[in-house]
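Residue numbers (our numbering), protein chains in the order written: chain U, 1 to 100; chain L, 101 to 329.
Because the hints were derived from the structure by calculation, they are not lab data. Keep in mind that this is a model prediction, so the values were computed, not measured. By construction, the Cβ of each residue, glycine as well, lies at the ideal position given by its N, Cα and C atoms. Treat each hint with caution, since some may be false.
[Stated by the list, open to error] Output of the computed footprint for chain L on chain U, the stretches with three or more beta carbons under 8 Å from beta carbons of chain L: (1) 16-25; (2) 42-50.
[What the hints assert, rightly or not] DEER-style ranges, computed between Cβ atoms: (3) L:191 - U:32: 27 to 37 Å; (4) L:141 - U:73: 52 to 62 Å; (5) L:223 - U:42: 38 to 48 Å; (6) L:217 - U:28: 18 to 28 Å; (7) L:113 - U:37: 29 to 39 Å; (8) L:317 - U:41: 41 to 51 Å; (9) L:307 - U:40: 26 to 36 Å.
[As the list claims (entries may be wrong)] Here are some chain L residues pointing at chain U (derived, C-beta under 8 Å): (10) 179; (11) 183; (12) 197; (13) 198; (14) 272; (15) 274; (16) 279.
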Amino acid sequence: MKIMPCPLNGPRNISEFTYGGELKQMPDPASCSDAEWADYVFNSDNRAGVVTEWWMHTASSYWFLAERHTVSDQIIRTFDPKELFNRRIEFSAPATETPA
Amino acid sequence: MMTSLQASQCLERSPLYRRHAGATLGRLGDSLVVSRYGADDEHAQLQRCALIDLCNLPRVGFRGAAAADYLRERGYQLPDAPNRALTQSDGSQVARLSQNEYLLLGSLRDGGARIAAEERNWQFGASANYLLPRQDSHAWLRLTGEHACAVMAKLCGVDLRPAAFGTGAVAQTSAARINVIVINLGDEALPCLQILCDRASANYLWDALLDAMAEFDGRPAGIDALLQR
Numbered sequence: 001m002k003i004m005p006c007p008l009n010g011p012r013n014i015s016e017f018t019y020g021g022e023l024k025q026m027p028d029p030a031s032c033s034d035a036e037w038a039d040y041v042f043n044s045d046n047r048a049g050v051v052t053e054w055w056m057h058t059a060s061s062y063w064f065l066a067e068r069h070t071v072s073d074q075i076i077r078t079f080d081p082k083e084l085f086n087r088r089i090e091f092s093a094p095a096t097e098t099p100a
Numbered sequence: 101m102m103t104s105l106q107a108s109q110c111l112e113r114s115p116l117y118r119r120h121a122g123a124t125l126g127r128l129g130d131s132l133v134v135s136r137y138g139a140d141d142e143h144a145q146l147q148r149c150a151l152i153d154l155c156n157l158p159r160v161g162f163r164g165a166a167a168a169d170y171l172r173e174r175g176y177q178l179p180d181a182p183n184r185a186l187t188q189s190d191g192s193q194v195a196r197l198s199q200n201e202y203l204l205l206g207s208l209r210d211g212g213a214r215i216a217a218e219e220r221n222w223q224f225g226a227s228a229n230y231l232l233p234r235q236d237s238h239a240w241l242r243l244t245g246e247h248a249c250a251v252m253a254k255l256c257g258v259d260l261r262p263a264a265f266g267t268g269a270v271a272q273t274s275a276a277r278i279n280v281i282v283i284n285l286g287d288e289a290l291p292c293l294q295i296l297c298d299r300a301s302a303n304y305l306w307d308a309l310l311d312a313m314a315e316f317d318g319r320p321a322g323i324d325a326l327l328q329r
């Protein structure tokens with residue numbers, strides 16, 4: 001079976017993992033256009049080459065990032081998301097529109 | 101006149117209670133556990149290959165950036181790395197499941213009273229330490245004996261032999277195709293693997309383990325033999 005190295009649990013069978021989609025830069029929800037937000041939510045790059053993706057080790061519910069070549073399916077590197085997400089982001093509640 | 105049975109008069113039942121028909125039951129804290137299955141002494145069975153239902157022994161989890169400090173303040177020794185576990189002086193066990201998550205397993209000596217109290221006494225506050233109730237989410241089995249790792253080799257892809265998976269090692273993985281937490285907290289005298297799985301799958305895993313144990317003459321055992329060793 002294909003083996004994926006989990007940053008928390010070590011090398012495990014690929015059947016223990018769940019795919020979580022491409023890593024994407026989130027546009028600022030307060031200032032971006034609807035089209036930009038829809039593109040972020042719904043569209044994927046689907047690039048042929050090395051991509052960074054979210055994966056979860058299902059048995060421990062641990063989310064991490066993996067660099068994978070989508071043509072050869074070779075896993076190049078897996079790492080803890082703290083490498084990229086190292087500060088807290090606060091979301092302010094949007095101003096509620098008054099009903100007409 | 102009909103008499104009605106109050107829920108408060110009932111002891112907690114294991115999700116595996118149908119498997120315990122005919123066994124001698126005992127009391128452990130506020131719940132029922134199997135003392136032994138037959139009239140025979142089960143010490144030799146424990147040493148060879150035995151499966152014990154510990155579902156009614158208290159367990160709880162804590163998670164958050166402040167969880168480690170909270171537990172240290174309450175007198176627990178914590179493993180220094182994720183996927184490691186430590187037995188406490190009172191026989192309770194603490195497994196570290198990630199950077200900030202801990203799983204506490206009750207001791208047979210006090211019927212898990214200390215761990216049950218941790219769950220009762222926790223209060224939501226400003227500090228980042230969150231309670232993870234585990235009693236009703238996870239089933240807890242113990243696989244004992246010299247063949248324990250050979251049994252697991254039939255069900256699980258991770259190398260659980262003592263050389264690779266020594267005392268204090270934790271594996272969060274898949275066994276018999278369901279998610280499990282396997283903790284090696286045995287000793288020289290009795291090899292032991294603690295196995296936790298989804299509580300709703302307890303009957304399935306119980307049968308899968310017994311099936312894998314059959315070739316080693318493995319059987320269920322009660323806690324009497326564990327307590328009197």
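Status of the hints after comparison with the structure:
| no. | hint | result |
| --- | --- | --- |
| 1 | 16-25 | violated (count 1) |
| 2 | 42-50 | violated (count 0) |
| 3 | L:191 - U:32: 27 to 37 Å | violated (56 Å) |
| 4 | L:141 - U:73: 52 to 62 Å | holds (55 Å) |
| 5 | L:223 - U:42: 38 to 48 Å | holds (42 Å) |
| 6 | L:217 - U:28: 18 to 28 Å | violated (47 Å) |
| 7 | L:113 - U:37: 29 to 39 Å | violated (50 Å) |
| 8 | L:317 - U:41: 41 to 51 Å | violated (57 Å) |
| 9 | L:307 - U:40: 26 to 36 Å | violated (46 Å) |
| 10 | 179 | violated (14 Å) |
| 11 | 183 | holds (6 Å) |
| 12 | 197 | holds (6 Å) |
| 13 | 198 | holds (6 Å) |
| 14 | 272 | holds (4 Å) |
| 15 | 274 | holds (5 Å) |
| 16 | 279 | holds (4 Å) |
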